[in-house]
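K.L.:
Next come the chains, spelled out residue by residue.
Protein chains: 2
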Amino acid sequence: MKNEIRVFCPATIANVSCGFDVLGVALDSVGDEMVIRKTTKKGITITKLEGQDLPLETHKNVAGVAGLALLAATDYSGGFEIEIYKNIKAGSGIGSSAASSTGAVWAMNQLLGKPFSNLELVQFSMKGEELASGVQHADNVAPAIFGGFTLVRSYNPLDIIKINTPKELYATVIHPQIEIKTSDSRKILKTTISLADGIKQWGNVGGLIAGLYTEDYDLIGRSLQDYIIEPIRSILIPAFDNVKSASLEAGALGCGISGSGPSIFALSKGKENAKKVANAMQDIYNKVGIPYDIHVSRVNLEGVKVIK
Amino acid sequence: MKNEIRVFCPATIANVSCGFDVLGVALDSVGDEMVIRKTTKKGITITKLEGQDLPLETHKNVAGVAGLALLAATDYSGGFEIEIYKNIKAGSGIGSSAASSTGAVWAMNQLLGKPFSNLELVQFSMKGEELASGVQHADNVAPAIFGGFTLVRSYNPLDIIKINTPKELYATVIHPQIEIKTSDSRKILKTTISLADGIKQWGNVGGLIAGLYTEDYDLIGRSLQDYIIEPIRSILIPAFDNVKSASLEAGALGCGISGSGPSIFALSKGKENAKKVANAMQDIYNKVGIPYDIHVSRVNLEGVKVIK
Numbered sequence: 001m002k003n004e005i006r007v008f009c010p011a012t013i014a015n016v017s018c019g020f021d022v023l024g025v026a027l028d029s030v031g032d033e034m035v036i037r038k039t040t041k042k043g044i045t046i047t048k049l050e051g052q053d054l055p056l057e058t059h060k061n062v063a064g065v066a067g068l069a070l071l072a073a074t075d076y077s078g079g080f081e082i083e084i085y086k087n088i089k090a091g092s093g094i095g096s097s098a099a100s101s102t103g104a105v106w107a108m109n110q111l112l113g114k115p116f117s118n119l120e121l122v123q124f125s126m127k128g129e130e131l132a133s134g135v136q137h138a139d140n141v142a143p144a145i146f147g148g149f150t151l152v153r154s155y156n157p158l159d160i161i162k163i164n165t166p167k168e169l170y171a172t173v174i175h176p177q178i179e180i181k182t183s184d185s186r187k188i189l190k191t192t193i194s195l196a197d198g199i200k201q202w203g204n205v206g207g208l209i210a211g212l213y214t215e216d217y218d219l220i221g222r223s224l225q226d227y228i229i230e231p232i233r234s235i236l237i238p239a240f241d242n243v244k245s246a247s248l249e250a251g252a253l254g255c256g257i258s259g260s261g262p263s264i265f266a267l268s269k270g271k272e273n274a275k276k277v278a279n280a281m282q283d284i285y286n287k288v289g290i291p292y293d294i295h296v297s298r299v300n301l302e303g304v305k306v307i308k
Numbered sequence: 001m002k003n004e005i006r007v008f009c010p011a012t013i014a015n016v017s018c019g020f021d022v023l024g025v026a027l028d029s030v031g032d033e034m035v036i037r038k039t040t041k042k043g044i045t046i047t048k049l050e051g052q053d054l055p056l057e058t059h060k061n062v063a064g065v066a067g068l069a070l071l072a073a074t075d076y077s078g079g080f081e082i083e084i085y086k087n088i089k090a091g092s093g094i095g096s097s098a099a100s101s102t103g104a105v106w107a108m109n110q111l112l113g114k115p116f117s118n119l120e121l122v123q124f125s126m127k128g129e130e131l132a133s134g135v136q137h138a139d140n141v142a143p144a145i146f147g148g149f150t151l152v153r154s155y156n157p158l159d160i161i162k163i164n165t166p167k168e169l170y171a172t173v174i175h176p177q178i179e180i181k182t183s184d185s186r187k188i189l190k191t192t193i194s195l196a197d198g199i200k201q202w203g204n205v206g207g208l209i210a211g212l213y214t215e216d217y218d219l220i221g222r223s224l225q226d227y228i229i230e231p232i233r234s235i236l237i238p239a240f241d242n243v244k245s246a247s248l249e250a251g252a253l254g255c256g257i258s259g260s261g262p263s264i265f266a267l268s269k270g271k272e273n274a275k276k277v278a279n280a281m282q283d284i285y286n287k288v289g290i291p292y293d294i295h296v297s298r299v300n301l302e303g304v305k306v307i308k
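Protein chains in written order, with full-length UniProt numbering: chain R, 1 to 308; chain V, 1 to 308.
By construction, these hints were calculated from the structure, which means they are not laboratory data.
Keep in mind that a hint or two might mislead.
The calculated DSSO-like cross-link candidates involving lysine-lysine, where the alpha carbons are at most 27 Å apart (straight line), are [to be verified]:
| no. | chain 1 | residue 1 | chain 2 | residue 2 |
| --- | --- | --- | --- | --- |
| 1 | R | K162 | V | K162 |
| 2 | V | K114 | R | K162 |
| 3 | R | K42 | R | K114 |
| 4 | V | K162 | R | K167 |
| 5 | R | K269 | V | K162 |
Please put together the full structure from these sequences, using the hints given.
P.N.:
Here's what the structure looks like:
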């Protein structure tokens, strides 16, 4: 058995418009890399962290905390060293913390001979999410572990469903260079919603799931609507309405806030459409003068994976 | 082209636990019969109505009102006679009004050479639902027209999705002999819900749709939960909690209120299980001394259909 592996840890889009706290999807060409190495020394040591200014102390790092949760569930007598090469910016809204925590536990599970199920790996990773945002949410870590689209049907007990992902689905993500902390963007949400909006929302969740199984891209697009969270959170994101309408005009199936923002995502059928949407999004931020990162990626079907 | 047809008009279960106002499913061996006949005389005449004490006047009868909506959309110069043979009791919560309005418009559409789509037939039928309950809801008429499970993704614009229906799915429905009017049972609902309950609900809608497409009976069962409507409406239904727990113990995948009640439905895998659930439900009402009707039926896959 190998003592060291290098893994790709995908960025993820949580919520996906209608599915607040339950839906998520993994990206294929946006993500971090990590090297995980077995050591005879007990515990977890983060030996390298490049690309972002994040804590190296195990207990303060999401990969460390998730890894410790896994270690505590084994009788493995040794430990792990972790190297983290971040490409995903913290606070961008495309699952930066989830990439680190899932990459750590997925790789450790490989090195230990796969004693844990994907569901258990999600549970360990949720400890990292709790450190990052104060909440053990699963909507980023589930797609990072399972790949493709995932549904968190229930949190108690935790029940994750991997949803069929149409092959031609591409995501465009634009990240305006402002930071919104997940904890802050949760605070502005109301604790109650109208029943009428709830009905619209679960109608769209049903439509999106049906569209994913039947590979009906038009239905997927019609279902990508959020009556509950987007109207509140979008006010924190510069030029959100312009970016959204430009994306839809450029041919996107749908467009919304990625996770708690500030990144905005769009889904398109085919890479060419996704690129057109990227151009339309960039045009808006170029005009407004807001610096941004932009990504076009196929939906990732396998989640965290070994590289090289 | 024929001048007269006899049709079976299926009973339907709306809401299906998690899908308030959006989900519905049609039954195969519970329903009304209607005879629809072309006439040279304009307008719609209800010539016979057996089995229930309901108004014969066209404008006061749901089949009449739905039929008039269809007629108004055609340039057909004649009219129709309608005979209605009710087996579904009004106010039972299994789509009595939907059976009559869909049966009328579906049969008229056949006799006119099918000028209208299923979606248009649903829209005509919704006029009948408005007469019956004050609300143009579509969650009973959609499965009666399309068959199987249907999702009303959106009301405005109306968007109906026919969902895959696993072949071994059977319904058990028990109707305690008390009447709850749909309009009354809507009044007791709250107009706001907690965001936390909303999240659970759309997680379960997503899970149910995924379970129907993947024919995962266990997932279907886990998803048949209602955190929003059932806790309120179930207090109007005698011994609801006992019937539900007895059904689940007898092997039902899930159990809940059919539409606005008072009927209680359960879904099971296979006819034998559905019969066991029927016995368990009956035992409760026999003990409590409440008269009831009970039905076991496969899920109907085609909706309203020609008979004889």
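K.L.:
Now look at each hint and say whether the structure bears it out.
P.N.:
Hint check:
no. : hint             : verdict
1   : R/K162 to V/K162 : holds, 21 Å
2   : V/K114 to R/K162 : violated, 40 Å
3   : R/K42 to R/K114  : holds, 19 Å
4   : V/K162 to R/K167 : holds, 22 Å
5   : R/K269 to V/K162 : holds, 22 Å
Taken one by one, the earlier hints fail for this structure only at number 2.
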